[in-house]
Amino acid sequence: MAAPLKLALVLAALVALGNLAVGQPGNALVAALRVLALMSAAAAVSLTTPMDAILGLIERGLAPFGPRGRRAAAWLGLAVGLVLRLVPQIFAEIGLIREAQAARGLRVSPLHLVVPLVIRNLVRADDIAEALEARGFPPDGVSPDGGTADRVPADGRGKGTDHDQS
Amino acid sequence: MTNRDFVLIVLFSAIICTLGLVPPIQIGFIPVPITLQSLGVMLAGLCLGARGAGLAVIVVMILVAAGVPVLSGGRGGLGVYAGPTAGFLVGWLPGAIVTGLLADRLVGPSRAATRKAAVIGGTMAALAGGVVVVYALGIPWLSFIADVPLGKAAAGSLLFIPGDVVKAMLAALIAHGVAKAFPLPRG
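Protein sequence lines, in the order shown, are assigned to chains Z and V.
Numbering-wise (full-length UniProt numbering), the first sequence opens with residue 1 and increments by one.
Numbering-wise (full-length UniProt numbering), the second sequence opens with residue 1 and increments by one.
Treat the hints as calculated values from the structure; they're not laboratory data.
Wrong hints could be hidden among the right ones.
Stated by the list, open to error - Dumping the calculated DMTMM-like pairs for lysine to aspartate or glutamate here, alpha-carbon to alpha-carbon at most 25 Å:
hint	chain 1	residue 1	chain 2	residue 2
1	V	K116	V	D104
2	Z	K6	Z	E59
3	V	K180	Z	E130
4	V	K152	V	D104
5	V	K180	Z	D52
6	V	K180	Z	E93
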């Protein structure tokens, strides 16, 4: 069964159990069916609509806000693409960090997992920012909030001056 | 906003999504396994400040709405917003913003803070934003959709509070560790 429908069934069952647990059994069926109806209607939309169509809808919704809206839409599209590209990469890094720590006989704690994970990714931020710069972002030199973005000068904030100081 | 600010926001969106893929962790005295995803939201607030964290969470919420299974347990799609727990997701947005605002007041510029100030102030900021604000939206929403009395919905949510308190402390420790290695321009 499709995951969104499964989730709807599980949550509807939990709502029924919750109603029973707080001593209102007469309410359980109605509340559970209501959740099921709401969630399966939403799931029907999600299951039949490709991601691009929903993102396109959001971008069209931003269009009436003039140039600011169009810029926000452009950045949003880029942000979504970048996140989808980065998640598998970051997930693989989690595996690498855990392996490295296991090899050193360390117990994996969230603290010792997330600190190196975040630092690794922040170090990468400058490279990605440079790659965007090379591809002509921000478009027209204007940032999504309408201000003029400081273009990164060739010798300036580009290659991680920030973390070199630490 | 520079390209770098934008990339930092996107990186935190991606980190929040990826932490949802990590299997829930069982910690000794805590009744339910904790997922690291809401830790990512608190962390965004502490590291990026209100504006950046708010934008990072908006990107995650848009991915969810677009049907990408980025929430812990592989959840995603519009159904999540129609469900009884949607308040806890929607609460991330004001939660991240409040965490960021308070982190500015309580911790100050990430570089300047001593370890004690960063951890105590950061924990308070993450607790207020990531726990108080999130539950303040999540519990009434749960009560309304599941049609259970507000008090009972709150009592049912209590089970998750210890894990979230631990996460707030972890977020402060992590944010301090990150700030030491990589000072971020917060704000």
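- Item | Hints violated by the structure (numbers, ascending) | 2, 4, 5
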